[in-house]
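> Position chain L against the provided structure of chain R, taking the given hints into account.
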Amino acid sequence: MRNQLLLFLFLLIPAALGQTNVDFGLELGVQKWNIRGNEDLFLSQYNQDDGPVLQNFWLSWVDIEGKTRLLDRLRIDASGFGASPNGSVRWQMSRKRGYQLKGSYTRYAHYSALPAFANPFLEQGIVPGQHTLDQKRQLFKLQLELFPHKTLRPFLDLSWNDRRGPSQTTFHVGLDEFRLLSHRNEQENEWVGGLRFERGAIGGEVSQGWRRFEGNGLDQLVADAGDGNSLATVLGNEVSLDNLDRYSRNTAKTPLTHLSFHGAWSKFRLIGAYNYADAESDGSEEESLAGSLVSFQLRRLFAGRTENIQNKTRNPSWRADLKMEADLGGVQLEADFGRRHRQLDGLAMVQTVFLQATPFRGGTAQDISQLLETETSLEKEDDTLRAGLAWRASPNLVFQTGFSISKSDIYAAADVAQIVIEGGQDGDFRRRLEKFNAAVSYRKGKTRLGLDWQSLHADEIVVRTDFIDRDRLKFNSSFDVFSFMSLRASARWTQNENPLPEISYKSEEKQYDFDLDIHPNESINLLLNYGYYESDSRISQRMPQDFSLQTSLYREDGAQYGAHLLWKAGRNKLQLNYIGYENTGLLPFDLYQASLRDDIELSEKVSLILTLSRNNYREDEFVSSRFTGESYGVFLNWRP
Amino acid sequence: MKNHWLSHSSILCLCLIGSAVFAQDPSSFEPSEDCLECHDDIPELINKTVHAPLFEVNCESCHGTSEEHMDEPEADNINTPLGGLGQKVCLSCHQSSVHPKHMSGTAQLTCSDCHDMHKHQKPNVALLSDTLDATCLSCHLEHRSIENRPFGHKLGRGGMSCISCHQAHQRPGQVLTASPEQMCLNCHAEKKGPFVFEHVQGVVGDCLSCHQVHGSSNPKQLTRTRVSQLCLECHSQTTQPIFGSQPPAIHDMRSPRYQNCTTCHGAIHGSNRSHLLLK
Chain R
10 MRNQLLLFLF LLIPAALGQT NVDFGLELGV QKWNIRGNED LFLSQYNQDD
60 GPVLQNFWLS WVDIEGKTRL LDRLRIDASG FGASPNGSVR WQMSRKRGYQ
110 LKGSYTRYAH YSALPAFANP FLEQGIVPGQ HTLDQKRQLF KLQLELFPHK
160 TLRPFLDLSW NDRRGPSQTT FHVGLDEFRL LSHRNEQENE WVGGLRFERG
210 AIGGEVSQGW RRFEGNGLDQ LVADAGDGNS LATVLGNEVS LDNLDRYSRN
260 TAKTPLTHLS FHGAWSKFRL IGAYNYADAE SDGSEEESLA GSLVSFQLRR
310 LFAGRTENIQ NKTRNPSWRA DLKMEADLGG VQLEADFGRR HRQLDGLAMV
360 QTVFLQATPF RGGTAQDISQ LLETETSLEK EDDTLRAGLA WRASPNLVFQ
410 TGFSISKSDI YAAADVAQIV IEGGQDGDFR RRLEKFNAAV SYRKGKTRLG
460 LDWQSLHADE IVVRTDFIDR DRLKFNSSFD VFSFMSLRAS ARWTQNENPL
510 PEISYKSEEK QYDFDLDIHP NESINLLLNY GYYESDSRIS QRMPQDFSLQ
560 TSLYREDGAQ YGAHLLWKAG RNKLQLNYIG YENTGLLPFD LYQASLRDDI
610 ELSEKVSLIL TLSRNNYRED EFVSSRFTGE SYGVFLNWRP
Chain L
2 MKNHWLSHSS ILCLCLIGSA VFAQDPSSFE PSEDCLECHD DIPELINKTV
52 HAPLFEVNCE SCHGTSEEHM DEPEADNINT PLGGLGQKVC LSCHQSSVHP
102 KHMSGTAQLT CSDCHDMHKH QKPNVALLSD TLDATCLSCH LEHRSIENRP
152 FGHKLGRGGM SCISCHQAHQ RPGQVLTASP EQMCLNCHAE KKGPFVFEHV
202 QGVVGDCLSC HQVHGSSNPK QLTRTRVSQL CLECHSQTTQ PIFGSQPPAI
252 HDMRSPRYQN CTTCHGAIHG SNRSHLLLK
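Line by line, the protein sequences are chains R and L.
In this text, residue positions in the first sequence follow the working numbering: the first is 10, and each later residue adds one.
In this text, residue positions in the second sequence follow the working numbering: the first is 2, and each later residue adds one.
Excised from the complex, chain R in its bound form:
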């Protein structure tokens, strides 16, 4: 609340700065939602609430006479604060040849509680299930550049990212899952300072940054969840949990170095960039639990467990790129080479004590201590070489073609300590990918046509879903049918294939979209659109329980149609929107959104805004997930 008050005071600053060329607007009001059906799913998709909302605020202030020494330009845009769980404000201020300051503050509320998705408690009627969360993320960014448009320009970028809030997860033991309530608190700060230089056609940037991440989490057993979700007993013993407390901390520090330059000489331009980051993380975790528990790995029943974990990771990575461009009149050439390298070394020490452990066959209970040292190592290098050519055959017609070769080399070391089934978890994996693309575009007046084709071929795969061949064709066009009517159309086809035995992967995506924009006069604008999306994928997979080969099929057929009308009549500006989306794939659903907004001009500077909306979501398979959300809003728009 205090932050929102500070923010509001900040928005009022311009009022104190004078009246020189101020453009200012404020749209504020209240909204009311009425939800029928599954409110969790509504919040997961829309996350709206009742109450006052700052719909829009903008301010553009320019001191053209230079009377204010602190700044001569200020721009602020804000929206969404209040009952809407997401809000943002951005500002830019500057003083000619003095500084440019850009900043933003954004707040996101993330709610996810999906009743039927990956829910191990669905059969017990417990919804939502495991992966639910109700968290807030705040982002704050500040970018300051001194002496803009001078040769040397120092800059400082700051960012702060904060996520916190409750969530629900599970703890698995024996045949049971136990619900845990988690609370996460994570922050990341980044400071980057550097210098940009610009002299004629030559320029560049050098910067050094520091990033620090700090996170901690607390997981605890939900009050009534000690019985778990399985009625089965293990050797006649019921598995239950009396308490569980888990506290984890993690810190990551990353110094960042960036160098880049660009220069143009005659018809040539050279761009180069180098980035280095060396992330190091340290963490620890303490867990204690008690109950009537079982470990199949130890072949014992036990009454409690304490666990302490210490972990450390180092991850140096760098990336270097060089690009050359040549503009030879009607022909443009470009070529670039980039190398990306990443190394990861991780180590964790896990000390576990099983309390009062009794062998399955019976015997004396005793504490058993386990020490696990587990480590990992990864090294990855990617090289990419590209070359391209664009030929302007006429002022309206451009042909383009390009070719690239990418090589990936991944070395992964196996973690011997934790491997259950050997194979496929370590080794050296290589892949070479060749890509060819060609495109043509035509543009004359408001008529545009574009066709873009690319084809990729790989020699190997690294994971099963990698393709051997991939083709993509894109088409887009727009033209005026009449002076008051324009038509836009686009299409995209993508095909992936991997014919290797035991995989036989094939996927196909098609998407077609059309926009018809009708604007017979300045008072009426009607936009009609239609989109169709089709996705089909099949891949063979071996089922773990019996090694049988089965085909995994995925299908999605979605169609969207929409109508958006803007009608200015007298003192009224009416906006009507309707969107329908129907999916007949593996997860069949329909959704409809209809909204109406009427801006009624009360005076030259004040408008009254009335809003109505209705959102409907209907899944075919899981009927109880359906919802209808209706909203009503009254807002005032003030433009002093």
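Treat the hints loosely; a few may be bogus.
Partial chain R-side listing against chain L, Cβ under 7 Å, derived [to be verified]:
| hint | residue |
| --- | --- |
| 1 | P129 |
| 2 | A241 |
| 3 | G433 |
| 4 | Q554 |
Honestly, the hints are just simulated from the structure, not real lab data.
The C-beta atom is built at its ideal place from N, Cα and C for all residues, glycine as well.
The following block gives chain L in isolation, referenced to the frame of chain R:
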């Protein structure tokens, strides 16, 4: 939270004070009197834009001089910097900070396709002639339907717009270094790691290997409807030398328990203790 605000505000104040010391008097847009005879509305409009205080600009800076236009004030006898000409005019100042990505390829856009240089259309930013998302969607038609799928980063909510992740313009140094996962991790910082045991991201793929970021018909913006389907398509045994292993036989996929892999493998984005990403 309070400490962050205080420290950031202090820095902001110090920077502003320092900058003010170096500041010089600005100059404004000063049109020629000859132009004003007909175009008297332009100075008021342009003086409310970013172009007003930054440079010693006048009408001729962009439109050139034309005696013919003065004699016969027709639109076609003065430089109207649209199309390729507009690009040259704008980039004569903006060249250092803008890489013309959208101006090449099949897009062949010019600055005036998205921007109106003479005025800002309230409440649009950056002199855009329409709202930001509408500007992008007028060419990227497919996103109108993608963004309306039930699970996704819905545009227009909480300041989420196309430029939250994409840069329509880039500094030259950024042109070569933008990578897909970095855009996601700017917000989702907790998934950046590094983790002792990583999964997919930065190893054999990126966030897009499992998620449809613009909008998805599947919960959690996944590329598949069921978790087990998504996992098993990679983690299934073959005789080919590939990365990823077969789950053990206790994972009987006919049982609902094992169809939700993330019930046990909860640390799916990376773990600091478990190779199997158990927590």
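> Now, for every hint given, state plainly whether the structure supports it.
We went through each hint and held it up to the structure:
1. P129: holds (5 Å)
2. A241: violated (11 Å)
3. G433: Constraint on R/G433 satisfied, holds at 4 Å.
4. Q554: holds (4 Å)
Checked against the numbered hints above, the structure breaks only hint 2 and satisfies the rest.
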